[in-house]
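Colleague: Top line first, the protein sequences correspond to chains A and B.
Straight run, no breaks: the first sequence in the numbering used here ends on number 257.
Straight run, no breaks: the second sequence in the numbering used here ends on number 481.
What the hints contain is simulated information worked out from the structure, not anything from laboratory work.
Glycine residues also receive a C-beta, built at the ideal position from the N, C-alpha and C atoms.
Treat the hints loosely; a few may be bogus.
[As the list claims (entries may be wrong)] Computed beta-carbon distance windows for the label pairs: (1) B:Asn412 x A:Ala120: 44 to 52 Å; (2) A:Glu2 x B:Asp429: 54 to 62 Å; (3) A:Arg143 x B:Thr70: 43 to 51 Å; (4) A:Gly152 x B:Lys277: 55 to 63 Å; (5) B:Gly427 x A:Gln113: 23 to 31 Å; (6) A:Glu122 x B:Ala411: 56 to 64 Å; (7) B:Lys277 x A:Arg143: 34 to 42 Å; (8) B:Asn412 x A:Asn39: 24 to 32 Å; (9) B:Asp80 x A:Ala120: 35 to 43 Å; (10) B:Gly427 x A:Glu122: 29 to 37 Å; (11) B:Ser424 x A:Val58: 12 to 20 Å; (12) A:Gln113 x B:Lys277: 33 to 41 Å.
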Amino acid sequence: MENLLTIKDLHAGIDGKEILKGINLEIKPGEVHAIMGPNGAGKSTLSAVLTGRECFHVTKGEIWFNGKNLLDMPAEDRAREGIFLSFQYPVEIPGISTVNFLKTAVNEHRKYQGLPPYPAGEFLKMIREKMELVNIDSHLLNRSLNEGFSGGEKKKNEIFQMAVLEPKLAILDETDSGLDIDALRIVAHGVNRLKRPDNSTIVITHYQRLLDYIVPDVVHVLYDGRIVKTAGKELVAELEKNGYDWIKQEVESHGKN
Amino acid sequence: MAKEQDEILNEVTEGEYKYGFVSNVKTDTIGKGLNESVIRLISEKKGEPEWLLEFRLKAYRHWLTMKMPTWAKLKIPPIDYQDIVYYAAPKQEAKKSWDEVDPELKATFDKLGIPLDEQKALAGVAVDAVMDSVSVKTTFKETLAERGVIFCSFSEAVKNHPDLVKRYLGSVVPYTDNFFAALNSAVFSDGSFVYIPKGVRCPMELSTYFRINAANTGQFERTLIVADDDSFVSYLEGCTAPQRDENQLHAAIVEIVVEKNAEVKYSTVQNWYPGDKEGRGGIYNFVTKRGLCRGENSKLIWAQVETGSAITWKYPSTILKGDGAVSEFYSVAVTNNYQQADTGTKMIHIGNNTRSRIVSKGISAGYSSNSYRGKVKVVKSCQNARNFSQCDSLLLGDKCGAHTFPYLEVANPTAQVEHEATTSKIGEDQIFYCNQRGISTEDAIGLIIKGYAGDVINKMPMEFAVEAQKLLQISLAGSVG
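Looking at chain B on its own, in the form it has when it is part of the complex (with noise of 0.2 Å):
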């Protein structure tokens, strides 16, 4: 019996990675290695203020004087930082049109399904693409700008909106927070910066797509999104990178202040390339994300797809100091061949009356390692807090594995703090029950999956609820077909 249902796992968990291809875009990238030379070529390259090169030594600084986290359930190889580019940027003429921009380039997108030009786009999306260290094209910004939106790459915030960037940069992660943070606020390269102005709710869903094209490159990205007094926007993330047999490092740092009574929704649909089956190459995914809910009542709501990365180390987290303020996290994280991931949320809540709700759903399938981690705290002062935490995870096969580390920390006694975790896999008995009705064993996966993932996968932008459901398939369903 077992082995059969070996053979129905093998012939479903043999997934290809589409998006493996590398683009012929003739690239500006400086040596290996890090150091204060290296950050300063950076800073100047990209013409920063002052400022902003002070703050990436002051980064660097502190970085050396920290240690790779080791806290996590994860096997990290050691990684050489003097064998890394920490700058890749497609070479590009001072584009003065989108008629200018180097046709592979946006053949390159086209590949990904990100179309940059705004007649072929998505209705009601905008795009901002970002390749290896540098923002290729943002969409729609004419349109936006006329609601008062500014959507753009972080580099030309830096020039045109400096002070919002020097007002919100580092104030929700500072550059101490941890080893990644600091590498990242040392040497980070471009990604995209968001404001929406007071009572404005945006009219168009904001799109950030990420691309690692360069060999033994990292991408360092920021993204930073302000969402003023009542203000509303919902924002998507997604991630591929060519199939290579070295692992490469992305640590980004997402930073999102959420003021008085406004609402921000941040989706991702992470599939950075996961490595083959034997757990060769991949990229390793050490990211910190973390929303400041700073007005009453404000809301943040994190939706994620996460299929991608060899090792992912992330939590995307939110501190809730408003009173009234709410956040919710949900997650589907699939882990496959020899992948691992440890990932999950922090809550904490510091306004009174302040509710978060997480709900986790964890998948495992191959040798992979699939771990759950997440923190609900509650400060002394904080009165009424409420969080509810569900925690589920599907094993297919067992050769992987799954965990969860719940960690709760409350330290006044009106808060409500629930926890639920369960563990299920995917019975022989429900795929014949499926094959029963006439439905094949590849469908069968996938419809149990569709409904175990279902209340993240709803949680999703409309327009990528199908693009998730479709890459949750893939990853654990042998392009399943």
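Extracted from the complex, chain A is given alone in its bound form (with noise of 0.2 Å):
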């Protein structure tokens, strides 16, 4: 089977400083990649890089997604083209109902897909079906985006638009941080509910926890800015056993022999 993501010796900073030093990673169609890894390591890079926000630079590498070269896209096209990004500090943006948000954006998405936009009738139609998948309240929605929202609500609305937007490639940026137990398993939910054999999720994330709901396929753990370690989900417990410290050890021991 093709893959979905192949990304071949990324190398990508910021302000002149290399953060991701040669990254090499394939996702295929219908899988779940975890993301793991100690703070600083260049998790949330990755992501930004992914998604082609302008401040990180691109020196070395290839990014291809669905057959198409990523790094010659813009931030919108990479979107409309199906990566989604669950941010991990989701902005506000007040004055914009998170519904009127979403109607620009799915009407997007339709013109570069060559569609007319959405008659407004079956968009609200639509977005009552999504609602009822992610169990989100219709008062959030129609309140300004993300503004007054708690933690765990913004993190519902993110996963929400996910829902709408029905991307390929959804990547969940250190998404189970500041949600309590409750959110944190209504999140994950949602997450499950909306996976299908031919889309593919990265969870990026420190801890185990939201790995016990969202069960991935494979574990990378970066660090550094490398992946210096590939396993399946049994890696998970190892993490939360024995810390991020043995696998610094044997890089650095590693990098001495």
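Make one complex out of these two single chains by using the hints.
Modeller: See below:
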């Protein structure tokens, strides 16, 4: 089967400082990959580079998505191609409701695909279906985007947007941070319900707990800008038990040899 | 990071002014300069009664004793008042019917999206079109007259309703009020007059469209609106000017009188030529707008979207005289490139239980300077006045400036006065968030501004809210596309 995402020897950084130092990663349709690692390893940089945040500069390497060269595309086209990022810190946009925001977003996606804008009635019907799917309150969606939302509400809203935009690749960047266990369960449940055989997920996290609910097929450990270990889901428990220090030691001793 | 943001901002702030064309209309002008004989000539050309000439001359003599105000946060180059043409009128033979109006004039207003043909006109909106110094055409006059509503050019009002004009002219903005008001009172050429009789709800939106066309001329129009007891009117003013390298002066006066239980809503879409990207040319917009809520429970609402002019000096104000009177002021003022604006409002509480609300949203981009200046005054005898003011500034880029100058003068302890102010920037993180959802940077800025200015846009009459929204995008967002 063709890869959905292929990253080859990716080097990238910000303000002249290299953070990613040669990432290689392949993701096939339907797979869930977890990317774990200590703080400062480059996890969020990876999600920013994948989604085209301009302040990060790619100095070397390639990213192919669904047969297309991602590095040639501006951020909005990557989104329209089907890459979705659930933000670690979702921003607020005062005066624009989530529903109106999504209407603009969905219609931009449709325009990119050569489709006419959603008829208003159908759009609202679709929104209602997705609301049920992720169990989000309609009053939240009519308020200004993320303004005054609690941490849990913001994350839930990210998953709701993901449900509406139906991405091929969803990147969940530290989606578990700041969530209590109930909110975590609801968010994870939403993600699982959205899973299809042809879409893939990257779960970026520091902790095990989200991976109790969203079970990965492959687990990678990112350390100092490189993927230093790749294994099955059993690696999660090992990391939880022993922390990241043994990996650091392994890498460093390897470096010395 | 800062570099990319600059690029984005450059891209989106390069808007083109699309009303900059000049019409080829024969114009009747008088020579440059200002003196008593020029004023007599203007008055004579308009066939005015003696009392109005006297009013002009008194204003002129008073003006001679005054100096241009310098307290605003504006850099105004010296203005040579002898180098301005004070009267320019599109030449028309005594027009009897619409068909005889100069086709070039009709074409001009068509091009501006203001059809003066009643068949083509926007349903529910009556228009008075003013070019240079005179009113060209007022639509739906007859329809309105059936309800007793008077809507005509100022000159016609002087001829046909002299008692009304005489009673109210200068009653809210006396010619002694300020430098520009005195100048206007001396040389004003035309404008609109509105009278809504007792108990009448004006059946249509009334709208005046001001257009400067001739070169080297100043435009000095007056608007006088009187809403008698228990009446209602919604009025909208729009304005544009050709693109010229020189600066042109616009010094208008708007006077509004609101009687007992009456309500007036005055909306403005101000889009005078703002000058080019280097700050050459553009209109100097020095305007005095004031309403008097004279009767009990009278109400005056100001709603404005301001994107034009090189320099704006303007403070639409309300005197809340009647007990229980209410006034609201909603404003979005955009400055870009080298535009300067010092603008805001005054709410003067005199009557008991009077209430006012101020919502001001400034947006600055480029190298512009955007100041809010507002005054809330509660006189000693005024019981239970309430005011709420909210002044927000939004900055695009780091070369522009936003300032807030609120003045509070509260002489009665029962007053409740609240003031809130915020300054924000469109963040790179907000733009990226939108990008990540498939929304381009230009559309993202449009969306963020829409959210920011929504409170004010929603107060505009429905027919114009969409226009106002578009205008914001155009003036900021590089014709956003």
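Colleague: With reference to the structure, classify each hint as holding or not holding.
Modeller: Structure-based check of all given hints:
1. B:Asn412 x A:Ala120: 44 to 52 Å: With Cβ atoms ~51 Å apart, the hint holds.
2. A:Glu2 x B:Asp429: 54 to 62 Å: Cβ of Glu2 (chain A) to Cβ of Asp429 (chain B): about 34 Å, so the range 54 to 62 Å is violated.
3. A:Arg143 x B:Thr70: 43 to 51 Å: Distance hint for Arg143 (chain A), Thr70 (chain B) holds at roughly 46 Å.
4. A:Gly152 x B:Lys277: 55 to 63 Å: Violated - the Cβ-Cβ distance for Gly152 (chain A) and Lys277 (chain B), about 47 Å, lies outside 55 to 63 Å.
5. B:Gly427 x A:Gln113: 23 to 31 Å: The hinted range 23 to 31 Å holds for Gly427 (chain B) and Gln113 (chain A), with Cβ atoms some 29 Å apart.
6. A:Glu122 x B:Ala411: 56 to 64 Å: holds (59 Å)
7. B:Lys277 x A:Arg143: 34 to 42 Å: The hinted range 34 to 42 Å holds for Lys277 (chain B) and Arg143 (chain A), with Cβ atoms some 38 Å apart.
8. B:Asn412 x A:Asn39: 24 to 32 Å: Violated, since Asn412 (chain B) and Asn39 (chain A) (Cβ atoms, about 58 Å apart) do not stay within the stated range.
9. B:Asp80 x A:Ala120: 35 to 43 Å: Between Asp80 (chain B) and Ala120 (chain A), where Cβ atoms are some 57 Å apart, the hint is violated.
10. B:Gly427 x A:Glu122: 29 to 37 Å: holds (33 Å)
11. B:Ser424 x A:Val58: 12 to 20 Å: Violated - the Cβ-Cβ distance for Ser424 (chain B) and Val58 (chain A), about 31 Å, lies outside 12 to 20 Å.
12. A:Gln113 x B:Lys277: 33 to 41 Å: holds (37 Å)
Comparing the model with each numbered hint stated earlier shows that hints 2, 4, 8, 9, 11 do not hold.
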